[in-house]
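*Asks:* Take a look at the letters that make up each chain.
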Amino acid sequence: MPGGVVTEPATPDLMTLATPYALHAVSQAEHDDIERQLAGAPELVARAFADEVRAVRETMAVVSTATAVEPPDHLRDRLLAAIDAHGPVRQTPQRRDWRSIVMAAAAALVVGLVVVGIGWSIRPAPNPTTAEQVFAAPDVRTVSGDIPSGGTATVVFSRERNAGVLVMNNVAPPQPGTVYQMWLVDAKGARSAGTMDAAAVAPSTTAVLPDLGDSETLAFTVEPGGGSSQPTTPIFAQLPLS
Amino acid sequence: MLEMAARLPGVTADLDALLRRVAQRDADAFAAFYDNTRARVFGLVTRVLRDPGYSEETTQDVYLQVWHNAGNYDPAAGSPIAWLMTLAHRRAVDRVRSEQAASQRESRYGAANVDPPADRVAEAVIQLDEQRQVTECLGSLTDAQRECIQLAYYDGLTYSQVSDRLSANLATIKSRMRDALRGLRKCLGVS
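As you go down the protein sequences, you meet chains Z and W in turn. The first sequence begins at 1 in my numbering and counts up by one. The second sequence begins at 1 in my numbering and counts up by one.
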């Protein structure tokens, strides 16, 4: 790279960092520094570095057979449910016949009534756009935990997108006359993130959490009727959003 | 690579094609890709994180990333399994470091040991031979080299943290790591 725009020439040290770099054994600052040096390094050096990195990673991929451990089956279920929540990519707009239009209108009416009736509502199916954004986010993170009464809750979320997708698996439905209510809890208190009634708690349920704000925890309570504006019963399950 | 492909019939051969289908949002291909690689990913993540719950979460993150970024896989840059394991290791190390930053790791992980469930018979026969070879190759390293790999790769320390831990200078640690990897690579026949 002739021209002298590089303020800091590739040090002879650079190659000695290829193995630690390939093993993720450098700090973030060093990592950035190495990439900066590589960008300004002679092509021969950059290629030698890349070759070494590749060789290290292929080697460790073979070494990974030595540490192989079967994951529990529920991980597979959870993962496939999360992918499903993500939804298939729409290929071409589907031609809709009158029946689906009527159904959609009816569904919209029902959703509208529910929203008017209780002021807030959980979306029965996640908005693919939000889920899509969450899964695509570079800071996507998953937390999950067991619900004491059975089943698991998993939240896939992104701070950057300020949203999450909740996946509930095999959770027992709430008692008649009650709902499960989700709360986003931050230093200032709890705000409702929606409710799930017995019908909503299918074997696998997903819901979008559109506004995480500064919330640190997603908490679950049992609430009477259509839900409450503040928790009225002890939290029976919670997931840290960190 | 040909040699490796020959030794990993069920794995290396098909992953390329599966990843291409995953990039097209093929959920069946994704499930197959998961089934072909889950034990390696979960095993490595568990080895680094030493906590079953965190390991499950991180494994899920890894595969969500696969689901979303399969299209970014570049065959010219390496094999699919190396791409995947690099991604898995990166995620696990990031998690360890963020836990360390929150200084929770010692108390939360403590001396937690993960009991690996009995290996499934189906993969066991092929894997056993491989595992034996890998174990032998790891055994052929010097103690100092193995210690470096343990601390840097499985415990998630940076090479300068390794040098602090072992009271050895940075150049020594870097060359130990490099020699360890070269030894392994040669022993395993990775070209």
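No lab work stands behind these hints, which were simulated from the structure alone. You may find that some hints are simply not true.
To give an idea of the chain W side of the interface with chain Z (calculated C-beta under 7 Å), a few residues [stated by the list, open to error]:
id	residue
1	Ala-29
2	Glu-57
3	Tyr-63
4	Leu-64
5	Ala-82
6	Arg-90
7	Thr-135
8	Tyr-159
9	Ser-163
10	Leu-184
11	Leu-188
Since we're looking at a predicted model, the values are computed, not measured. Cβ atoms here follow ideal geometry from the backbone N, Cα and C, with glycine treated the same way.
*Asks:* Using 7 Å as the Cβ threshold, decide whether Glu-57(W) counts as touching chain Z.
*Replies:* Because about 4 Å separates Glu-57(W) from the closest Cβ in chain Z, which is inside the 7 Å limit, the hint holds.
*Asks:* Once the shortest beta carbon distance from Leu-184(W) to chain Z is found, is it less than 7 Å?
*Replies:* This interface hint holds because 5 Å falls under the 7 Å limit.
*Asks:* Taking the closest Cβ pair, is Ser-163(W) under 7 Å from chain Z?
*Replies:* Result: violated, 10 Å to nearest chain Z Cβ.
*Asks:* Going by Cβ atoms only, is Ala-82(W) closer than 7 Å to chain Z?
*Replies:* 4 Å, holds
*Asks:* Could you check if Ala-29(W) really has its C-beta closer than 7 Å to a C-beta on chain Z?
*Replies:* Violated, about 11 Å.
*Asks:* Can you verify the interface hint for Arg-90(W): is its Cβ closer than 7 Å to any Cβ in chain Z?
*Replies:* 6 Å, holds
*Asks:* Under the criterion of a CB-CB separation shorter than 7 Å, is Leu-64(W) in contact with chain Z as hinted?
*Replies:* 6 Å, holds
*Asks:* Would you settle whether the hint for Tyr-159(W) is holds or violated, based on the nearest Cβ-Cβ distance to chain Z being less than 7 Å?
*Replies:* Holds, because the Cβ-Cβ distance from Tyr-159(W) to chain Z comes to roughly 4 Å (cut-off 7 Å).
*Asks:* For the hint on Thr-135(W), does the least C-beta distance to chain Z fall short of 7 Å?
*Replies:* 6 Å, holds
*Asks:* For the hint on Leu-188(W), does the least C-beta distance to chain Z fall short of 7 Å?
*Replies:* Since the shortest Cβ distance to chain Z is 5 Å, the answer is holds.
*Asks:* Return the status of the interface hint for Tyr-63(W): holds when the least beta-carbon distance to chain Z is below 7 Å, violated otherwise.
*Replies:* At about 5 Å, which falls below the 7 Å cut-off, the nearest Cβ of chain Z leaves the hint on Tyr-63(W) intact, so it holds.
Consistency with the previously given hints fails for numbers 1 and 9, ordered from lowest to highest.
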